[in-house]
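Engineer: Sequence:
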Amino acid sequence: VSGLLMFLSCFLLSDSHKHKDKYKEHKHKDYKRDKEKSKHGNSDYKDPSDKKYKDKEKMKHKDGSTEKNKDKHKEKRKEDKVIKKEKENGFVSPLHDIKPKKTKTQKEVTDGKKKAKKEPEEKWKWWEEERYTDGVKWKFLEHKGPVFAPPYEPLPSRVKFYYDGKPMRLSPEAEEVATFFAKMLDHEYTTKDIFRKNFFKDWRKEMTAEEKATITDLKKCNFTEMSEYFKAQSEARKAMSKEEKQKIKEENERLLQKYGYCIMDNHKERIANFRIEPPGLFRGRGDHPKMGMLKRRIRPEDIIINCSKDSKCPEPPPGTKWKEVRHDNKVTWLVSWTENIQGSIKYIMLNPSSRIKGEKDWQKYETARRLKKCVDRIRAQYREDWKSKEMRVRQRAVTDSFLLTLLALRAGNEKEEGETADTVGCCSLRVEHINLYPENEGQEYVVEFDFLGKDSIRYYNKVPVEKRVFKNLQLFMENKEPDDDLFDRLNTSILNKHLQELMDGLTAKVFRTYNASITLQQQLKELTTADENIPAKILSYNRANRAVAILCNHQRAPPKTFEKSMQNLQAKIDAKKDQLSDAKRELKSAKADAKVRKDEKTKKAVENKRKAVQRIEEQLMKLEVQATDREENKQIALGTSKLNYLDPRISVAWCKKWGIPVEKIYNKTQREKFAWAIDMADEDYEF
DNA sequence: TTCTCAACTTAGGATTGGCGGA
DNA sequence: TCCGCCAATCCTAAGTTGAGAA
Numbered sequence: 004v005s006g007l008l009m010f011l012s013c014f015l016l017s018d019s020h021k022h023k024d025k026y027k028e029h030k031h032k033d034y035k036r037d038k039e040k041s042k043h044g045n046s047d048y049k050d051p052s053d054k055k056y057k058d059k060e061k062m063k064h065k066d067g068s069t070e071k072n073k074d075k076h077k078e079k080r081k082e083d084k085v086i087k088k089e090k091e092n093g094f095v096s097p098l099h100d101i102k103p104k105k106t107k108t109q110k111e112v113t114d115g116k117k118k119a120k121k122e123p124e125e126k127w128k129w130w131e132e133e134r135y136t137d138g139v140k141w142k143f144l145e146h147k148g149p150v151f152a153p154p155y156e157p158l159p160s161r162v163k164f165y166y167d168g169k170p171m172r173l174s175p176e177a178e179e180v181a182t183f184f185a186k187m188l189d190h191e192y193t194t195k196d197i198f199r200k201n202f203f204k205d206w207r208k209e210m211t212a213e214e215k216a217t218i219t220d221l222k223k224c225n226f227t228e229m230s231e232y233f234k235a236q237s238e239a240r241k242a243m244s245k246e247e248k249q250k251i252k253e254e255n256e257r258l259l260q261k262y263g264y265c266i267m268d269n270h271k272e273r274i275a276n277f278r279i280e281p282p283g284l285f286r287g288r289g290d291h292p293k294m295g296m297l298k299r300r301i302r303p304e305d306i307i308i309n310c311s312k313d314s315k316c317p318e319p320p321p322g323t324k325w326k327e328v329r330h331d332n333k334v335t336w337l338v339s340w341t342e343n344i345q346g347s348i349k350y351i352m353l354n355p356s357s358r359i360k361g362e363k364d365w366q367k368y369e370t371a372r373r374l375k376k377c378v379d380r381i382r383a384q385y386r387e388d389w390k391s392k393e394m395r396v397r398q399r400a401v402t403d404s405f406l407l408t409l410l411a412l413r414a415g416n417e418k419e420e421g422e423t424a425d426t427v428g429c430c431s432l433r434v435e436h437i438n439l440y441p442e443n444e445g446q447e448y449v450v451e452f453d454f455l456g457k458d459s460i461r462y463y464n465k466v467p468v469e470k471r472v473f474k475n476l477q478l479f480m481e482n483k484e485p486d487d488d489l490f491d492r493l494n495t496s497i498l499n500k501h502l503q504e505l506m507d508g509l510t511a512k513v514f515r516t517y518n519a520s521i522t523l524q525q526q527l528k529e530l531t532t533a534d535e536n537i538p539a540k541i542l543s544y545n546r547a548n549r550a551v552a553i554l555c556n557h558q559r560a561p562p563k564t565f566e567k568s569m570q571n572l573q574a575k576i577d578a579k580k581d582q583l584s585d586a587k588r589e590l591k592s593a594k595a596d597a598k599v600r601k602d603e604k605t606k607k608a609v610e611n612k613r614k615a616v617q618r619i620e621e622q623l624m625k626l627e628v629q630a631t632d633r634e635e636n637k638q639i640a641l642g643t644s645k646l647n648y649l650d651p652r653i654s655v656a657w658c659k660k661w662g663i664p665v666e667k668i669y670n671k672t673q674r675e676k677f678a679w680a681i682d683m684a685d686e687d688y689e690f
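The numbering of the first sequence is our numbering, which starts it at 4 and goes up by one.
One or more of the hints may lead you astray.
[Stated by the list, open to error] Calculated lysine to aspartate or glutamate pairs in the EDC-like style (CA-CA distance at most 16 Å, straight line):
1. K349 to E327
2. K660 to D534
3. K315 to D268
4. K326 to D305
5. K660 to E627
6. K186 to E132
7. K200 to E327
8. K474 to E442
9. K625 to E689
10. K470 to E447
11. K612 to E589
12. K140 to D268
13. K598 to E610
14. K528 to E689
15. K234 to D290
16. K298 to E422
17. K128 to E675
18. K363 to D137
19. K457 to E417
[Unchecked claim] Label pairs and their computed distance ranges (CB to CB):
20. K222 to K418: 24 to 34 Å
21. R278 to K587: 19 to 29 Å
22. N276 to R299: 11 to 21 Å
Keep in mind that the hints were calculated from the coordinates and are not lab data.
For every residue, glycine included, the Cβ atom is placed at its ideal position computed from N, Cα and C.
Could you put together the complete structure from these sequences and hints?
Structural biologist: Following this line, the structure appears as structure tokens:
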């Protein structure tokens, strides 16, 4: 492991050690183990050479794919061969065969018809099937098209808009856009100049000639009645009766059932975002030059439908037409349209639990694991390249090292000025984003990074680097203005081409995946202690997760209610402490009592008191763990890394190894997304 | 070689709804 | 049973990547 990586781990470790020490105070051993055991891990695998599972027949939609599968499974159950180990550890590339087959889980077998509500068909284990290799994404695709935003409902006439103090009736078009602004009135950005300017410009485009002539100054517009009206409406919605709420829920469910699924290659799959984005005012992140612009309503005429030729094509709403219907099975989207703010294309795609997303995800982690094998070689190479005569090569070598060691850096594409907020990544760093300190706080060759990254989240870090890197950076900064590119001979395209040469499939973002996953694995090893109880182990997991989130700079705004909720928790802890000292006092007097009387009854009392103390201590410890966890998490978002960077098999293996129910780590949605990992990883999985 | 665009992943904030405690 | 809180879910913006046009 290179010095830089060492540094990185030192940084992380020292940090976690700190946490750990703090934590030790409330460590407690006698925690009852959660009995619930994961049901996974009993699936059998069949001979890889068996090709029967190939999805070759042309799909005749409609027919119950489930039934079909069941039969397949029955017929195959006997011949299963165990090659599980190989699959998980030796690693058969996901792109290759091995078609193990699916077996019913214990649960399915035993509680056969328990659930009256038709228990969902067996979960399809797509990861046990052959993959497409030729860029084809599916052979059959049928869906119902998108759900459009509800049409605009004009305001009741009593709700007035005032211009320059006088009530004014707006045309429906102008009124609708006005309501978008009114709904955001409480928000800070309606006070921002750019937001107001953009809004006003776009609003005027929707006005009639007369309105345009009258309304010339946003400052003279009074939206408060509208705003009040919407607030009242949302209150009313909250106050609705159970029945009304139930009705809405049912309607949503109906919509979901109808539009929320598609049929792709024999299987019913969940769609991620089947609703078209409603019109509104664009809210970019950070200092976005387009904030406040009108995001227009999407009509059927804007929509491109993608489905297979032999499917039943979705119908556009009566009286309308789709922009286009195409049958492109080299892409995964079902519906697309072009958005008017940036002119980019938006898509309706499948849920992360779908085969098409899952396979890709799995593949991503396999690529990262391959990187693990050649990381040393790559390091050796870039260290060599630091000395190169060619500036281009040196710059590349420095970015390579940044990516490998300071993984929080994204690739950093160039961005069009004036189109988006001014943010940067590795390749697009400017001179003004770093400071060099030959010496800083007792360390040599320190680089200070300070810039806005994706979503305008600030990245700030001080990192000691090797002398050569430092000298190179000095060189790159020579004779440049603050707003000049630091790596002027480099962009993401060049960088990725070079990475591709180092390893097949290697791109800048693979480093993030690799670093995140390897860090989790190593931190879990480091932090998990056998004699800890489950809450303590989960705290360790969260800390490992947190180390990754810090590395990836996954921040969040502290929740608005953070202070309060912390206080509440603290109050609970204090109350619990009082309770504890009371209980202890009682125990003491019971003991004293027992000493004098020496009868069975008092002995029993002592025992009871002792148990009470123990129980309260346990509860207290749980609360304190919770407080620690929450405090440490104040500004850190764990979700992003959990969902996108951490090989789920590491977590699953950890759960299995320590007898932690996987439900404690992954919620329902996450379990669906990572079903493949939960099914295939056993406790000795190594990333 | 550079530019543009399509397709897909990654991201944080807003909203919702379910659950535990009063 | 009601209410407040928080986790889950929804939403959609903002990245990365690579292909193909200019």
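Engineer: None of the hints should be skipped; say for each whether it holds.
Structural biologist: Status of the hints after comparison with the structure:
1. Restraint check for K349 and E327: satisfied, since their Cα atoms lie roughly 15 Å apart, inside the 16 Å limit.
2. A distance of roughly 13 Å separates the Cα atoms of K660 and D534; the hinted pair therefore holds under the 16 Å criterion.
3. At roughly 14 Å between alpha-carbon atoms, K315 and D268 fall within 16 Å of each other, so this suggested pair holds.
4. Restraint check for K326 and D305: satisfied, since their Cα atoms lie roughly 5 Å apart, inside the 16 Å limit.
5. Simply put, K660 and E627 have alpha-carbon atoms about 25 Å apart, too far for the 16 Å limit, and the pair is violated.
6. Under the criterion of a C-alpha separation no larger than 16 Å, the hint pairing K186 with E132 is inconsistent with the structure, at around 49 Å.
7. Annotation: proposed proximity of K200 to E327 is violated, straight-line Cα distance about 35 Å (limit 16 Å).
8. A hinted pair counts as satisfied when its Cα atoms are at most 16 Å apart, and K474 with E442 qualifies at roughly 13 Å.
9. Note on K625 and E689: the hinted pairing is violated, with a Cα-Cα distance of about 31 Å set against a maximum of 16 Å.
10. Under the criterion of a C-alpha separation no larger than 16 Å, the hint pairing K470 with E447 is consistent with the structure, at around 8 Å.
11. A threshold of 16 Å between alpha carbons decides the hint, and for K612 with E589 the separation of about 7 Å falls inside it, so the pair holds.
12. At most 16 Å may separate the alpha-carbon atoms for a hinted pair to count; K140 and D268 meet this at roughly 10 Å.
13. The hinted pair formed by K598 and E610 meets the criterion: a straight-line CA distance of about 13 Å does not exceed 16 Å.
14. Of the supplied pair hints, the one linking K528 and E689 holds, its CA atoms being roughly 11 Å apart against a limit of 16 Å.
15. A distance of roughly 28 Å separates the Cα atoms of K234 and D290; the hinted pair therefore is violated under the 16 Å criterion.
16. Restraint check: the Cα-Cα separation between K298 and E422 comes to about 15 Å, which is no more than 16 Å; the hinted pair holds.
17. This hinted pair checks out: K128 and E675 have alpha carbons roughly 11 Å apart, not beyond 16 Å.
18. Only pairs whose Cα atoms come within 16 Å are accepted, and K363 paired with D137 is accepted, the gap being roughly 14 Å.
19. Under the criterion of a C-alpha separation no larger than 16 Å, the hint pairing K457 with E417 is consistent with the structure, at around 12 Å.
20. The beta-carbon spacing between K222 and K418, approximately 32 Å, falls within the hinted interval of 24 to 34 Å.
21. In this structure, R278 and K587 break the distance hint of 19 to 29 Å, their C-beta atoms being roughly 57 Å apart.
22. Range check, N276 to R299: Cβ separation about 18 Å, and the 11 to 21 Å hint holds.
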